[in-house]
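Peer 1: Protein chains in written order, with the numbering used here: chain S, 837 to 1121; chain V, -10 to 308.
Please keep in mind that the hints were generated in silico from the structure rather than gathered at the bench. Beta carbons are placed, not taken as given, at the ideal position from N, Cα and C, and that holds for glycine. Among the clues, some could well be false.
EDC-like, lysine to aspartate or glutamate: derived pairs with alpha carbons at most 20 Å apart [claimed, not checked]:
{"hint": "1", "chain 1": "S", "residue 1": "K925", "chain 2": "V", "residue 2": "E40"}
{"hint": "2", "chain 1": "V", "residue 1": "K71", "chain 2": "S", "residue 2": "E974"}
{"hint": "3", "chain 1": "V", "residue 1": "K71", "chain 2": "S", "residue 2": "E922"}
Pulled a few chain S residues facing chain V out of the computed Cβ check, cut under 10 Å [as the list claims (entries may be wrong)]:
{"hint": "4", "residue": "V871"}
{"hint": "5", "residue": "Y881"}
{"hint": "6", "residue": "M882"}
{"hint": "7", "residue": "N885"}
{"hint": "8", "residue": "L984"}
{"hint": "9", "residue": "Q1012"}
{"hint": "10", "residue": "G1041"}
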Amino acid sequence: MKKSFILIAAVVLLTVAGSILAAATITIKGSDTLVRLGQRWAEEYMKINKGVVIQVSGGGSGTGIAALLNGSTDICEASRDMKEKEYSKAEELGIHPFRVSVALDGIAVFLNESNLIGELSLAQLKGIYTGAITNWKEVGGKDAQIILYGRENNSGTYVFFKEHVLNDEDYSDYTQTLPGTAAVVNAVSKDINGIGYGGIAWAKGVKYASVKVNDTSAAILPSVETVSSGTYPISRDLYWFFNGKPTGELKKLINWALSPEGQKIAEEMDYVPLPKEQAQKMMVD
Amino acid sequence: MEELRFKPKSKITEFLGSKLIAVSAFTALIGILLIFIFIFKEAVPIFTNPEIREEASVDKMVFKQKFYEGREAKWSWQPNSKIPKFSLLPLFIGTIKAAIIAMLFAVPLAVGAAIYTSEFASKRMRELIKPVIETLAAIPSVVLGFFALMVLATFLQKTLGLTFRLNALNAGIALGLAVIPIIFTVAEDAMTSVPRSLREAAIALGANPWQVSLTMVFPAALPGIAAGVVLGFGRAIGETMIVLMASGNAAILSASLTDSVRTFSATIAAELAEVVFGSAHYSVLFFIGTMLFIFTFLINLGGDFILIKLKDRLQGRMK
């Protein structure tokens, strides 16, 4: 709460300052996964377009979507698609969400560097995180209890992992939830029997597990190449949501972010850029 | 005897001054009231909105529920599941576990330190110890949480051979560190305010310093010490940042002190930022907030009540 309070205070301050200084002000709010990229894009864009002020804040995909629905942001960053409930709520409020993919992200499975296991199948991951598999020896490791680490239950990463790996089943009650991917990485790096997950742009001090779709398919290590080619099984799109098709300055901004120049910045920031054709197709005309 | 009275130079400034003080006091009071009303208002849909009651009525939060065909009924906190589960029991047990460990750790240390500084320490020593312990209160809780997360957790896991790195014990000890200054300050004040005349009388009767402190000062100051303990307990229940960082936040229902725990306050802090506005989950979080508010309010009230009693007793106004 303290963090969000400071954020709110900062946003209010910036809003006041921004509205006095400039005519064109764009607010971007949402996903913590995307916030660094949003900030960098805003910086670069403001450099080449004097007079435009872009304010970027995080808070999580849910926060961003809520802000879009109550009209307090122009752009919502989200690391997941909106839920049906949220779409219907939006229509109720007269908001027409317009979705654009801005980059890709792979969800890596983190293991302690001294863990003997190097690869896991999706079925094994599901078993581990639902609590059906509780000992490393059941997946070919040493005899020790598996310690589960995950994200808070409203993070986009949590929801994505739940939908795509657990097939929407519940996480085990023993899953320890931590605020942020950096905390998960840190926990796994200190815990020999730990396992965690998170975006691939973040990991240090842990190793990635190679993931197999099933027992016979090849084990794929997450990387920029395997995520952008679609061979790594746990990858996702990162989105910007607008209220209706963007026009004017918003349209210029999104088309710039999707341009080779914008996508190159994403790559520099360790995000996975969209494949060229997809980026081209996403552009708003 | 003629009563001494303050004679103001100007009646207007005195009038304005007293009104200003009254206004600020009432502002604080109204502020607290408004906060409570706001939190409670957001929790009300649990009782009134049929759609939300379907998902999270009070009995669903308290009693064991059967969620799936062919599986056992259980208490579970999975608010973002396909079938949302809002059992408060695992969170309640977690909160109590962490708070009790904190008290077990903090009370002996804080009260011991209070006895030493008020009874045995030289004046110089006392002037050193008091500010140092009170500085502990100024350490931001996020720093204590960080310490527990990075250092204490690893130390405890290595020395005790624990399965979970982040657990109730780890969070409880860190919470204890936050609680020590509160208990120490109140207990120390209570013991030093035991009248000199009582001590002198005891010494005159031939009691040694140990007997004076343990059989005379300690019992006389007991209500004050108890008030300190109660206030500390209130802080331990409501403290958020430390448990958020150090407890592992898994809502496990068990008696083990080395399992991870998820507390009420940490749940609010972690989930409120991204909850769907106006959903059942949103209302449940505010319901938890209301309960915490009432809990800590009652505990603090109890602590203050005990303190007032003590003051009366020491000033000889007790019946």
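Peer 1: Hint by hint, which ones does this structure get wrong, listed from lowest number up?
Peer 2: 2, 4, 5, 6, 7, 10
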